[in-house]
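Enquirer: Okay, here's what each chain looks like letter by letter:
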Amino acid sequence: MWGQILNSLRILLCVLVLTCLSAAQEAVPLIRNTSVIVFRGATVYPISGPAIEHGVVVVNGAKIAAVGPEGKTPIPPNAKVIDVTGKIIMPGIVDSHSHIGIGSLPSVQANADVNEGSGPLQPQLRAMDAIYPADPRIRMATAGGVTTANIMPGSGNVIGGQTAYVKLRGTTIEDMLIPGALGGLKMANGENPKHYGARGQAPMTRMEEAALARREYIKAEEYKAKWDDYNKKVAAGDKDSKAPERDLAMEPLVQVLEGKRIVQHHTHRADDIMTVVRLADEFHFRVVIHHGTEAYKVADELAKRHIPVTLTVVDSPGGKLEAINMNLEEAAILDKAGVKIAINTDDDINSSRFLLREAALAVRGGLSRETAMKALTINGAEILDLQNRVGTLDPGKDADLIVLSGDPFSVYTKVLQTWIEGQKVYDHSIPADARYFSGGFQFGDRYPALPASAAVGEGAQ
Amino acid sequence: MKTLRLALILAALVTSSFAQKYAIVADKLYTEAGNHPAGTPGMVLIDNGKITEIRSGPAPAGYTIVRARIVTPGLIDTKTTAGISGAYNIPADQDQDESTDPNTADVRAFDSFNPNEKLLSYVNTFGVTTVQTAPGIINPVAGQAAIFKTDGPLSPNMTADDLSVRPVSAMVFNLGESPKLTYGREHKAPMTRMAVAALIRKALFDAQVYNHKWDDWNKSEKKDLSKQPAHDTKLDALASVIRGEVPAIFNAYRQDDIDTAIRIAQEFKLKFMLSSATEGYMMADKIKASGAPVLVGPTLQRLESLETDNASLEDAAILANAGIPVGLMTGFEGYVPKNRVLLFEAGVAAANGLGWDRTLRSVTIDAAKILGIADRVGSLEPNKDADVALFDGDPFEYTSHVLAVFVNGKETYQREQSAP
Chain X
170 MWGQILNSLR ILLCVLVLTC LSAAQEAVPL IRNTSVIVFR GATVYPISGP
220 AIEHGVVVVN GAKIAAVGPE GKTPIPPNAK VIDVTGKIIM PGIVDSHSHI
270 GIGSLPSVQA NADVNEGSGP LQPQLRAMDA IYPADPRIRM ATAGGVTTAN
320 IMPGSGNVIG GQTAYVKLRG TTIEDMLIPG ALGGLKMANG ENPKHYGARG
370 QAPMTRMEEA ALARREYIKA EEYKAKWDDY NKKVAAGDKD SKAPERDLAM
420 EPLVQVLEGK RIVQHHTHRA DDIMTVVRLA DEFHFRVVIH HGTEAYKVAD
470 ELAKRHIPVT LTVVDSPGGK LEAINMNLEE AAILDKAGVK IAINTDDDIN
520 SSRFLLREAA LAVRGGLSRE TAMKALTING AEILDLQNRV GTLDPGKDAD
570 LIVLSGDPFS VYTKVLQTWI EGQKVYDHSI PADARYFSGG FQFGDRYPAL
620 PASAAVGEGA Q
Chain V
107 MKTLRLALIL AALVTSSFAQ KYAIVADKLY TEAGNHPAGT PGMVLIDNGK
157 ITEIRSGPAP AGYTIVRARI VTPGLIDTKT TAGISGAYNI PADQDQDEST
207 DPNTADVRAF DSFNPNEKLL SYVNTFGVTT VQTAPGIINP VAGQAAIFKT
257 DGPLSPNMTA DDLSVRPVSA MVFNLGESPK LTYGREHKAP MTRMAVAALI
307 RKALFDAQVY NHKWDDWNKS EKKDLSKQPA HDTKLDALAS VIRGEVPAIF
357 NAYRQDDIDT AIRIAQEFKL KFMLSSATEG YMMADKIKAS GAPVLVGPTL
407 QRLESLETDN ASLEDAAILA NAGIPVGLMT GFEGYVPKNR VLLFEAGVAA
457 ANGLGWDRTL RSVTIDAAKI LGIADRVGSL EPNKDADVAL FDGDPFEYTS
507 HVLAVFVNGK ETYQREQSAP
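Note that the protein sequences, when read in sequence, are chains X and V.
Residues 170 to 630 (this note's numbering) make up the first sequence, in order.
Residues 107 to 526 (this note's numbering) make up the second sequence, in order.
These are computed hints drawn from the structure, not numbers from a lab.
This one's a predicted model, so the numbers in the text were calculated from it and none came from an experiment.
All residues carry an ideal CB built from backbone N, CA and C; glycine is no exception.
Some hints could be false.
[As the list claims (entries may be wrong)] Some chain V residues near chain X, calculated using beta-carbon distances under 7 angstroms:
(1) 193
(2) 462
(3) 503
[Unchecked claim] If you want the ones that stay clear, here's a sample from chain V, every Cβ over 10 angstroms from chain X, calculated:
(4) 156
(5) 162
(6) 295
(7) 320
(8) 327
(9) 342
(10) 502
[Stated by the list, open to error] With a straight-line Cα cutoff of 30 angstroms, these simulated DSS-like cross-link-like pairs (lysine-lysine) come out:
(11) X:489 - V:224
(12) V:325 - V:375
(13) X:505 - X:363
(14) X:393 - X:473
(15) V:224 - X:363
(16) X:505 - V:224
(17) V:490 - V:224
(18) V:333 - V:319
(19) X:388 - X:363
(20) X:429 - X:393
(21) X:583 - V:134
(22) V:375 - V:475
(23) V:134 - X:256
(24) X:401 - X:411
(25) V:308 - V:392
(26) X:466 - V:224
(27) V:156 - V:490
(28) X:489 - X:363
Given only the sequences and the hints, what does the whole structure look like? Please build it.
Expert: Here is the structure:
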């Protein structure tokens, strides 16, 4: 009897404080903010301009209404004011290359939906059809300050499929998808797609990888020409003209040829990067180099074509031959050459909890702090065509922001709050949320809490 | 800065020619030996590969002066596959897992160790001067680990013997997923955790019997050669573990696997430590009661298996808070990045409850004590090996730089010379 009552009490408590096991493993439901929220006291990094000491950020509904210094930025009388004195505010981080949700935790075959290894050309596949909004890795990403992600199929195929540009909240993929954003097209070359060779299938060589891509784009050009012709006739009033047959694999490629969908291309080695450049030159498509381990060797070629690179900054070289020349100076060299760079996680290559850390390692390698901040925000937004919605703190943009405890590039800094379109999706002061940063969230209330620790940096003792 | 650069270049120029006398001058010196107020200005004198004096004030004549903001002992990675699991990650350079037999007690990491491995040199540039290189994670009885110094970009062409600290430092046992998944795939034992444990117990039991037989033989007064036990290299290796001469390392991730490790170690009264211990933080009291130190990590690892799903950045802190001796390790990585960097792992630990002081100890003197090599490394004091790491800021900050690294009194890395 008492046991039953205690159990009921426990369940009630769980429901109330949302710290019970089941609650801790759900997606954060989308709640559309309708109020006015003001953050005051923090140093604000709008990215579009210099840092603002004692800054004020006014959020109205899902959008940013105003950003400016205290005293010069009117605070609406009905606003809910959040005092974040002494903290840092920056835009929510844009991760331009991620596999969260599509390869969910736990990492077992049953959850492996990243690579459709049944054939090297899969343009008709859509990442959105495999994304699991309750994947804990999505919550872990918000614990790292990520608010927008490009969730992609893997690099096992020459054409991997259509990527999804999402916000990291909501219980359905429809909640997550950014309205009006088509997403990119994932492509890959180099070592990974050659895995078909082990089965005696194409591609076995880099030559065939390139040939596969060229064949497909030439087909797409023909397909596009037929549809263009048909559409022209219809527009001219021809009612007898018969529509060409729809081809779901060709449609995303046509969007690429029309510049509406950006090719997000996995590639490491300098010669593989130049193969991508050749394809882009031949078919005039917009492309972003992903990983780009040796992009620094062909920085000028990329700079003169305005091809951006989104780097995955890893701990050490190797793991595969094409990543053997990894070094922490890559970002700095590319930046100096005039190449636009972003920094991504390729989660689970790197954990989304540590995307800030990747940028810090690039700073260690000589990248300016200013560019590193852009590489986490606006540059990522630009390579996803999302610069009008996210990536800076400017009036009219989505109210995606993070509150940090200190210097964005310090190991000791924690993401305290993560906000997406005016909705708080992560709060470090709630233990169940904080476990998505530290790990161990599956243990729920049984997780042994650490006593709160003071400043821990060198010389703090 | 210019003078520093000049000093460093001068230092490097003479390093190669003869054993150098160095005075390493720090704004903040951390000796981890209690012989100098931590974090205050100080100087480490090095002569002929050894530390000769910790002092303050001006450097004596005849020493090459190298300056840095922060100076610490060289870092110790308590368990890694660096040196036997190469950066290319192709069969040609993967020598960590002899997965042809679940009991490979007689294989030695020493015999796979490639001193010219890129990853060793790489971690050296991040201040890591000592590594315990251990066989991989597949075999329940995986073989013998060894402890080495690392060589760096400025100290090529070393041999395993040049770098050796302990040719046999531990016997490695693996529990959990890797053994059963690898052998189970071929329908061979072990397919289950039960068989993993049974296999380890059988090996240790056989070694116990073998040890008794040899004891009896050695004690027997008249040596009847026809009754002399036959030598067995695996049992020889395991008997040294039974006798407590070689410590056992049990690698386990999940709580129940850690529990199994403790159960087996206690059954055979082994001198042992735990490694990885991903869910160790959930059972700190039990680990504390077992007396086993823990080689924690890596916390930056990919969560690529069920048993690492609950990895916590606070693992080291919670274990240390319980009074358990804690070292940090980088372990094994099977893809990109091929290796973790101890310095980065330490940063994560420092920022997630372990704190700065304890973290530095966990990668220097505490690690040395756990591995039984504190007579040579782990702190800066006279007569110890001159293994020193020089930083331009808080070592654990991602944005700081390692300025130079010394191993056995030789400069193995210098930032100004090595930048591309």
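Enquirer: Check each numbered hint from earlier against the structure, then list the numbers of those it violates in ascending order.
Expert: Result: hints 10 and 13 break, sorted rising.
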